[in-house]
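For the record, the sequence lines run as chains P and H.
Read in the numbering used here, the first sequence has 127 at position 21, and its numbers run on one by one without any break.
Read in the numbering used here, the second sequence has 392 at position 131, and its numbers run on one by one without any break.
Just so you know, the hints here were simulated from the structure itself, not pulled from any lab data.
Check the hints yourself; a few may be wrong.
Listed next, the in silico BS3-like pairs over lysine-lysine satisfying Cα-Cα at most 25 Å (straight line) [said to hold, decoys possible]:
id: 1; chain 1: H; residue 1: K303; chain 2: H; residue 2: K459
id: 2; chain 1: H; residue 1: K459; chain 2: H; residue 2: K383
id: 3; chain 1: H; residue 1: K303; chain 2: H; residue 2: K270
id: 4; chain 1: H; residue 1: K459; chain 2: H; residue 2: K507
id: 5; chain 1: P; residue 1: K190; chain 2: P; residue 2: K336
id: 6; chain 1: P; residue 1: K213; chain 2: H; residue 2: K291
id: 7; chain 1: P; residue 1: K213; chain 2: H; residue 2: K303
id: 8; chain 1: H; residue 1: K303; chain 2: H; residue 2: K291
id: 9; chain 1: H; residue 1: K459; chain 2: P; residue 2: K190
For clarity, every value in this text was computed on a predicted model and none was experimentally measured.
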Amino acid sequence: MADTKILDKPQIQENKPLFGKRERRLITDPINDNNPITVQVLGICSALAITTQVSPAVVMTLAVIFVMGFANLFTSLLRHSIPKQVRMIVMLIIIAFLVTVVELSLKAINYPIYQELSVFIGLIITNCIIMGRLEAFAMADKPWPSFLDGVGNAMGYGAILIIVAFFRELFGSGSLMGWELFGPGEQFMLNTDAHWWLSWYMPNNLMVLSASALFVIGILIWVHRAWNRKLIDVS
Amino acid sequence: MHSTSYVVKFILIVSTVVALVLASMATLLKPIHDRNEAIANKRSILFAVNDFLETPVRQMSDDEVLEIFESQIEQIVVDVNGNVLSKEEVQERGYPGGMAEHVNLGRERRKPESERIFPVFKFQTSDQVLTVVSVRGNGLWDEIWANVALMPDLNTIAGVAFGHRAETPGLGAEINDNPRFAKQFQGTRLFDEEGNFKSVTVVKGRATDEYHEVDGVTGATVTNDGVTEMFDRGLRYYFDFFETVKVQ
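All chains should be modelled from the sequences, with the hints used to inform the complete structure.
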C-alpha cells in the first residue's frame with residue numbers, strides 16, 4: 107500500500123514565476139506586435155465613438171481593462187465546467203455582469219463622467235476584442251495567464267484609444283484633458299486671433315466627427331507597420 | 262458534450278449568482294446614485310445663474326451646491342394658469358419629493374397642456390432676485406432642455422444653461438459643450454418694446470437684432486430650430502405666472 111501511494115503522488119510541479127518570460131509577453135505582445143486595433147483591426151466601433159476627448163477615453167480604457175481582465179479570469183476558472191453548446195451565452199453573461207458592475211460603480215463614484223460615457227460603458231458588452239480573447243485564450247489556458255492576456259489586450263486597445271483621442275481633441279477642439287490650449291478665442295491659452303501670423307487658424311471640425319477617427323487609425327496603422335518590421339510579413 | 266440537464270442547471274446557477282450579486286449591489290448603491298442624480302440636477306439649475314455666483318458651478322463641491330440651494334434658492338411649482346401648487350399637490354401629481362427640482366418636464370410634456378406643471382427657482386443674490394424657469398423641446402435625435410434665468414424685470418435673460426440627451430458631438434451638442442453659445446443669450450429679451458412676446462430666435466449667419474436673435478451653431482440646423490421652438494413655446498407656459506408676479 108505504502109509503495110503505491112508514493113507512485114500515485116503527482117509529480118511535484120516546478121514553481122512557475124509569477125512574471126516569467128511568457129507572462130511578460132502576454133502583456134507586451136498585444137500592446138505592440140499583436141495590437142487588437144492596429145494589427146487585428148477589432149474594436150473599431152468604440153474607437154470611433156469615444157475618442158473625441160482624452161479623459162473619457164482614459165476612463166473607457168480603465169473600464170475595459172477591468173472588464174477584460176476579470177472576464178478572462180472567470181472564464182478560465184470555469185473553462186472545464188462551461189458546457190460547450192452554450193459557451194458564448196455564458197461568456198456574454200460574465201461580460202454583461204462585469205460591465206454592469208462598472209456602470210453601477212462609476213455612477214456612484216464619478217457621476218459627470220458616468221453621464222458622459224453612460225451609453226458607451228454599456229456597449230463594452232459588444233466589444234469584439236473581449237469575446238475574441240475569451241474564445242481564443244481563456245477557454246484554453248490557466249487563470250493567471252488568462253488574466254494577464256485580458257489586461258494586456260485591454261491596454262493595447264486603450265493605448266490606441268488614447269492616442270487617437272489625443273489628436274482628435276488637440277486639433278478638433280484645441281484642448282487636452284479639458285485644458286484649452288490653442289484656438290481663436292479668449293478662453294484659450296494661446297489665442298490665435300491675437301497674433302497676426304496665426305489668425306488663419308481654425309479648429310478642424312472634422313476631427314470631432316467619427317469619420318476622422320478612421321483617418322487617424324488608418325495613419326496609425328501605417329506608422330505602426332512602417333516602424334515595426336515584424337508586421338510586414340504577417341499580412 | 263454535456264447533457265441537456267447539466268446545461269440547464271449550469272445556466273440556472275450562473276444566472277442566479279450573477280443576478281443576486283448585481284441586485285444587491287444596485288440596492289446598496291441606490292442612495293449614493295440618488296444623491297448624485299439630485300446634485301447633478303441642482304448643478305444644471307445653478308449653471309443658468311453661473312455669472313452671479315462667487316465660485317463657478319464647475320469648481321463647486323457637492324456640499325457647496327447643496328448649501329446654495331438651501332440658503333439662496335426658493336422653489337415654486339406652478340401650473341399653466343400661474344397658480345402656485347402646494348407640496349401636497351405636487352406629490353399628488355406623481356413626484357414624491359414634492360419640490361420644483363423633482364418636477365420632470367420630460368414627463369410633463371406627455372400630459373395634455375392644461376394639466377402640466379412647471380418648476381420655478383427664485384435665486385436670491387446679494388441685491389436682486391433672479392427667476393430660473395425650465396423649458397424642454399426636441400433637438401435632432403432626442404430631447405433638449407434649458408434652464409433660463411431671468412432678471413427681476415422678467416424680460417431680460419440673465420443666463421441660460423442647455424442640456425441634451427443625444428445631440429451630435431461637435432454639432433448639435435455644442436449648445437451645451439460650447440459656453441459661447443449660451444453666453445450669447447445674456448442680455449437678450451423675451452418681449453419687444455410694446456410688451457409683445459417676441460422670444461429669442463437662433464438664426465443662421467450673423468444675428469442682427471441684439472435683443473431677440475443669437476448666432477446658431479454651424480451645421481446643426483435642426484438643433485438650432487429646436488432651441489428656437491423650445492424658447493417660443495416653453496416660455497409661454499410661464500406667462501400667467503409672470504403676470505401674477507408683476508401684479509404683486
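Status of each hint after checking the structure:
Under the criterion of a C-alpha separation no larger than 25 Å, the hint pairing H:K303 with H:K459 is inconsistent with the structure, at around 29 Å. Note on H:K459 and H:K383: the hinted pairing holds, with a Cα-Cα distance of about 23 Å set against a maximum of 25 Å. Taking the CA atoms of H:K303 and H:K270, the gap is about 48 Å. The hint is violated against a cut of 25 Å. Between H:K459 and H:K507, the direct Cα distance comes to roughly 19 Å. Compliance with the 25 Å bound is thereby established for this hinted pair.
The suggested pairing of P:K190 with P:K336 is violated, with an alpha-carbon distance near 35 Å, which exceeds 25 Å. For the suggested pair P:K213 and H:K291, the alpha carbons sit about 10 Å apart, so the restraint of at most 25 Å is met. Simply put, P:K213 and H:K303 have alpha-carbon atoms about 17 Å apart, close enough for the 25 Å limit, and the pair holds. Under the criterion of a C-alpha separation no larger than 25 Å, the hint pairing H:K303 with H:K291 is consistent with the structure, at around 18 Å.
Annotation: proposed proximity of H:K459 to P:K190 is violated, straight-line Cα distance about 68 Å (limit 25 Å).
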